[in-house]
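Q: One letter stands for each residue in the lines below.
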Amino acid sequence: MYEVLMFDGGVHKVEELLNLVEDVGGFVLQRTQVQVMITLTLAIPSEDRPLIERKAAELGGKIVEVPLAGTEIAVIGPTLGRHHMPHPICDIAEHLRRYGAITIVMGLARGRGRKTCQISASEKAIIEEYDAAIFMLGNFKECVTHEKIDLFKDIQIPVVTVIGPELESLPHCEALVCGVGRKVERMRRSEEIAKLEEIADRVKEVIDTRRQEIEEDPLFVHPSEVKDALDDMEAVQVCLRPAPVVLHVDGLRVKIPYKEHVKELEELEVYGHKLKDIATISDCRLGDSTIIKIRTKAEVEGKVR
Amino acid sequence: MVLWAVRCSHPDYWGEILVQFELEGTEQYALESYQWLLERILMDMGISTMVEKAKFVIRPDQTLFIISMRIKQASGKRPVYDIADMESQEGGTFITIKDESYAPRLLATLWKLYGRERVQQLTRLEIFVEGVPSSELSEMKLDPEEEVRSQLLDAMWRLLPEGLKVRNEYYDDNVMTIVATEHGMTVDFMAEAQKVHRYMIGNEEEA
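Chains A and B, in that order, give the protein sequences. Going by the working numbering, the residue at position 44 of the first sequence is 44; the numbering climbs one at a time, nothing skipped. Going by the working numbering, the residue at position 88 of the second sequence is 88; the numbering climbs one at a time, nothing skipped.
Some hints here could point you the wrong way.
Said to hold, decoys possible - Calculated pairs, DSS-like style, for lysine-lysine (alpha carbon to alpha carbon, straight line, at most 25 Å):
#1 B:98 - B:165
#2 B:165 - A:183
#3 A:62 - A:115
#4 B:77 - B:98
#5 A:124 - A:255
#6 A:276 - A:293
#7 B:77 - A:115
#8 A:276 - A:255
#9 A:183 - B:98
To be clear, the hints were calculated from the coordinates, so they are not data collected in a lab. For clarity, every value in this text was computed on a predicted model and none was experimentally measured.
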C-alpha cells in the first residue's frame, strides 16, 4: 500500500532522495522549489518508509505527515454571498490544505434560507466528484435539524457537517462538528483553531474509513501510478492550470478537456494495460477536465479472464 | 415555546463595545452568536461607539427575525459656515469647502434642497448654487446622523440572515427596526416589530 508523505528540506543532494524514491517504486506527486528550499509530496510503499526517513534525515530535511494528501475535498456553503464567505468556509478550506488535501470552495445557487433552501441535481453531481464534502451550515438549530439536512441527504460521498449549535448527532452525514457558525472575521483565536483542527480530524476519519473500504477490494493500480503515466502526456505537460493532475482516493482528475483527449487517455498504457480497461473515464461536470475512476482488482481481473 | 431573555451590557475584551443588548427568542445559541456577530460587524465598520442599544427577537421555528438598534445622540449638527466659505455672486452663491470630509454630505444636501440643475460642482471643493443667497445657505446645518443611519442600515443588512428576504423597516430619529421573514410577512410579525420599535424609542412599558 502506498503512503503519502511530504519532504521539507534543501535542494542539496535532493537527487539522491529522488533516486531512492524511484528505486523503491514510489512517485513524486508534487514538487515545489523556492530558491534553495524544496517541498516534495511523495507516494511510497509503506514498507519503505524507514529508508526514506533515513535519507531525509541524512539530507538535513524532515518528513511531514500529510494524512489528507491524495484527496480532493469540497467545502460547501449555502451561497457565495458575504454572509457565508470568506469566513469560515475559506478558513476551513485553507486549514485542510495544511494536511495535504486539495480543497475547493463551492456555494449553492439556492442554499440559503430555511424552507426555501434547495440543492439541484447538477450541484449534487458536481459534489460527488470529490472525495468528501464539508457542508457549512448556520446558527439556527431548528433550521439545521428540520430543513438543511435535506441538502446533503442523497449525497453519495462522505459528508462532514459543520454547524453552530451544539447537537448530539445529525442524520445523513458521516461526521458532525458543532460550534462553528456564521463568522465575520478570520478564525484565528486558539479556540477557533482548535475547532479547525477538530474539523480536520473528522475529515481524516471519514477519509480513512473510505480508504479502508477501498482496501477491502483494492484498486487495480494506485492513482499515483496512473498520475506517473499521465505526466508523460503532452497535453498534461503543456497544461497551465495549477496541479494539472489531482489525485483522488479512487481515481484522478486530469485538467485537460475530455472531448479532445479521451482517445489518447483511453489508449494510455499503465503496467501493460490500456487505461480504458482498468478505469472509467468520464467528462467532468465543471468542464475542461476529465475524471478517471480506477476499477478494482476484482473488476479488472474478472474482465481480463 | 420557551422564551429566553437576557439583558446584558459588557465591555468586550477587544475594545470599547458598550452596546446594551437585549435578546429574546427560542434558541440561546442563535441569540448569543448573533449578538457576537453584530458586535464584530459594528467594530469592523467603526460605528460601535455610535450604537447605544440593540434588541433581537429571533424565533427560527416561526422564521422570525427582528432587530432594532438605537443610536446615541450625535454631537450635534454642524453649520455650513463652519466647513465652507461662502461668497454671494451674481445669480447665486459660490461655496469653497474648507473641510473636505463634509464635501459629499454638503453636496448631497444641496442637491436634495435645490435640485441638481441649480447646484453645480465646479471643482472638487467648489460649488455654485444658482438663485440662493449666501445668507440662506449659511443658516443651513449638516446632520452627521444621516451617515450614521446609513451605516447602521448597512450593518443590519450584513447581519440579517441571507434567506430572510421578506423585510419591513421602521425608523425614527434614533431607532431603526427591521423585521425579516422568509415567506409572507404576517400582521402579527409587523405588530411585534412595531412594539419592539416603540419600546426602543423609549416607551419602556411596551416591552
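Q: Next step is simple, just say for each hint if it's right about the structure.
A: Against the structure, the hints:
no.	hint	result
1	B:98 - B:165	43 Å, violated
2	B:165 - A:183	20 Å, holds
3	A:62 - A:115	51 Å, violated
4	B:77 - B:98	17 Å, holds
5	A:124 - A:255	20 Å, holds
6	A:276 - A:293	10 Å, holds
7	B:77 - A:115	46 Å, violated
8	A:276 - A:255	18 Å, holds
9	A:183 - B:98	41 Å, violated
Checked against the numbered hints given earlier, this structure breaks hints 1, 3, 7 and 9; the rest are met.
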